[in-house]
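Listed in order, the protein sequences are those of chains L and X. Residues in the first sequence are numbered from 300 upward in steps of one, following the working numbering. Residues in the second sequence are numbered from 622 upward in steps of one, following the working numbering.
Quick caveat, the hints were computed from the structure, so don't treat them as lab data. Do not rely on the hints blindly, as some may be mistaken.
Stated by the list, open to error - As a list, the in silico DMTMM-like pairs of lysine to aspartate or glutamate whose alpha-carbon atoms are at most 25 Å apart:
1) X:Lys747 / X:Glu808
2) L:Lys320 / X:Glu808
3) L:Lys320 / X:Asp758
From a predicted model like this one, the values you see are computed outputs, not experimental measurements.
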Amino acid sequence: MAFLLGFHRPGYTTMQAFIVKRLLTLLPTLLFTSLIVFASIRLIPGDVIDLMLSQNDISTGQDREIIEAALGLDKPIYAQYFSWIGAVLVGDLGRSLWKNVPVSEQLAATLPITFEMGLLALVVALSVAIPIGIFSAMRQDTGSDYIARSFSLLMLAIPSFWLGTLVMVFPSVWWRWAPPLDYTPFLEDPLKNLRHMLVPAILLGLSLSAVTMRMTRTMMLEVLRQDYVRTARAKGLKENVVVFRHALRNVLIPVVTLVGLQAPLLIGGSVILEQIFVVPGMGSLLLEAVFQRDYPVVTGVFLVVGVAVLFINFLVDLTYGFLDPRVRY
Amino acid sequence: MNEVNMGQNPAVPLLVPRKGALYSFIFRLFKEKPLGAVGGVIFLLFLFCGIFADVLAPYGMNETNMLRRLEAPSLAHPMGTDHLGRDVLSRILIGAKLSMIVGFLAAGMATVVSIVLGIASGYFGKRTDMVIQRFVDAWMTFPDLILLIVVVSMIGPGIPQIVVVLALLYGIAGSRIIRGSVVSIRENLHTHAAQSMGARPLHILCYHILPNIMPVVIVLFTIRVGAVILTEAGLSFLGLGVPPPAPTWGSMLSGSGRTYMYLGPWLALAPGLCLTLVVYAINVFGDALRDLLDPRMKGSR
Chain L
300 MAFLLGFHRP
310 GYTTMQAFIV
320 KRLLTLLPTL
330 LFTSLIVFAS
340 IRLIPGDVID
350 LMLSQNDIST
360 GQDREIIEAA
370 LGLDKPIYAQ
380 YFSWIGAVLV
390 GDLGRSLWKN
400 VPVSEQLAAT
410 LPITFEMGLL
420 ALVVALSVAI
430 PIGIFSAMRQ
440 DTGSDYIARS
450 FSLLMLAIPS
460 FWLGTLVMVF
470 PSVWWRWAPP
480 LDYTPFLEDP
490 LKNLRHMLVP
500 AILLGLSLSA
510 VTMRMTRTMM
520 LEVLRQDYVR
530 TARAKGLKEN
540 VVVFRHALRN
550 VLIPVVTLVG
560 LQAPLLIGGS
570 VILEQIFVVP
580 GMGSLLLEAV
590 FQRDYPVVTG
600 VFLVVGVAVL
610 FINFLVDLTY
620 GFLDPRVRY
Chain X
622 MNEVNMGQNP
632 AVPLLVPRKG
642 ALYSFIFRLF
652 KEKPLGAVGG
662 VIFLLFLFCG
672 IFADVLAPYG
682 MNETNMLRRL
692 EAPSLAHPMG
702 TDHLGRDVLS
712 RILIGAKLSM
722 IVGFLAAGMA
732 TVVSIVLGIA
742 SGYFGKRTDM
752 VIQRFVDAWM
762 TFPDLILLIV
772 VVSMIGPGIP
782 QIVVVLALLY
792 GIAGSRIIRG
802 SVVSIRENLH
812 THAAQSMGAR
822 PLHILCYHIL
832 PNIMPVVIVL
842 FTIRVGAVIL
852 TEAGLSFLGL
862 GVPPPAPTWG
872 SMLSGSGRTY
882 MYLGPWLALA
892 PGLCLTLVVY
902 AINVFGDALR
912 DLLDPRMKGS
922 R
């Protein structure tokens, strides 16, 4: 991204200037993100009020008006947007319709859990994808290269919920062992927590590793053909030094970009795996809210996910400077 | 100036394919990309099963038989029976039909959305481009599944809704790729020539831009079918897809059947295997198509 925007040219020499610039380009995207979330709020069917009324056993016309006013549905649409965005900016995402606690509180309780799982999955994905990708490129068109590539194509096709189902069913049928499903907070008992989170994180990581592996392989092949690599080889460096010290740095830049682009996949995939392995993260919160028609929670999760992904990509852009000294902010 | 003749100038390769071009293309596919060709064949097989599911299925999809519950695979039930005594093979076949319907409809509509947005953005450019691209940026920050869950939770599950939402989802995301190729073709000589001869935008779009983005469109469509099938399965798995009792591959792995998998592990195999196989086949087929049709797209997925 930084390359495309031309920030590597002289003139933007300070990091601060870059961050400000990058934040400014983020603004229109953020505007659209908020508009999409707001539109999703407007999509809430009108009969939801009827549903709430019938389930709360109150059905006078006055209650209807009160609820409409509470949801802000009685004002013109632009006013609704501004009052909504105003509230969001001070962290007010409304209250859950069923639990009567602020949505922000529920998010604060579940976000770290999903974040932990995402981080674990990322570690798994990178530690599988990068070594295999490098290995595959170093042995291009050999048997092991084909196996590695088929594996990555296969991981693209296998649905994570099927792998999750298999992991739940077959070990218990064959060896009477099942992955643990009781959640313990990390701070209470880190080991127990990891034992629970590791299986879904590995599955999520494997499904992410496919694309990263392909990218690592392609980039490595490209970099290994460049002149400076030939120079390094010509001066008698060992192949390992050439690959790991000289080539890898340049391979990692696009790979890091890709990791940023995969953030939506990471969060989306965790919804299904959290469901299978009973992890009380944001995905579980979302699904529960969807089935209870708890719309403030649904849109709250929606917004947080969108903003989180934008933020992750912003952070990814900032890491370029550390990986590639040619990028000057 | 005769505008009709301009449309047939040799700079427009794919508008009217040469006679026999399809056969020679299939021949090339088998010769140069055998794995992709095999993928294509598997994909066609699934398509065939989907189209003729009602004829091929040995039992009704919801035909229960309490005497033959949870039977292991046998000659009468090649994939066994589930907890209600329903034939798994029949349900898999109907599932193939549903997957193909959703896959083709949603991918087709998504492609149309991509073309319209991609051309609007790439050809008309400037401010329109800027606005559309920022919107696409924002759209793509939302994980597919979460966007779907949110929208479906609001408009309710059902095949038409899912098709429309999937089409919008992938259509908007795919417009990037179309835009990219439109931008490059817009700068081609034959486009400039047509412009300088005073051709109207609509003519240029139909005779210069569209035929030249066809390779990209075909590849995009193929790969989208697989993505749509996979996403729909995930949605069905979560109970938000095609509503029961219709048997989709995703829903066969979830819901009440899940508890019985410990008694009949074969229940967990067939739907997942079919999903993996068909998506794998579409992916390798799509990759092969891309390499043959449009070498520039290589590695861009």
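A quick look at each hint next to the structure:
1. This hinted pair checks out: X:Lys747 and X:Glu808 have alpha carbons roughly 15 Å apart, not beyond 25 Å.
2. Pair hint L:Lys320 plus X:Glu808 does not hold up; C-alpha atoms about 30 Å apart against a cutoff of 25 Å.
3. About 17 Å separates the Cα atoms of L:Lys320 and X:Asp758, which keeps this hinted pair within 25 Å; it holds.
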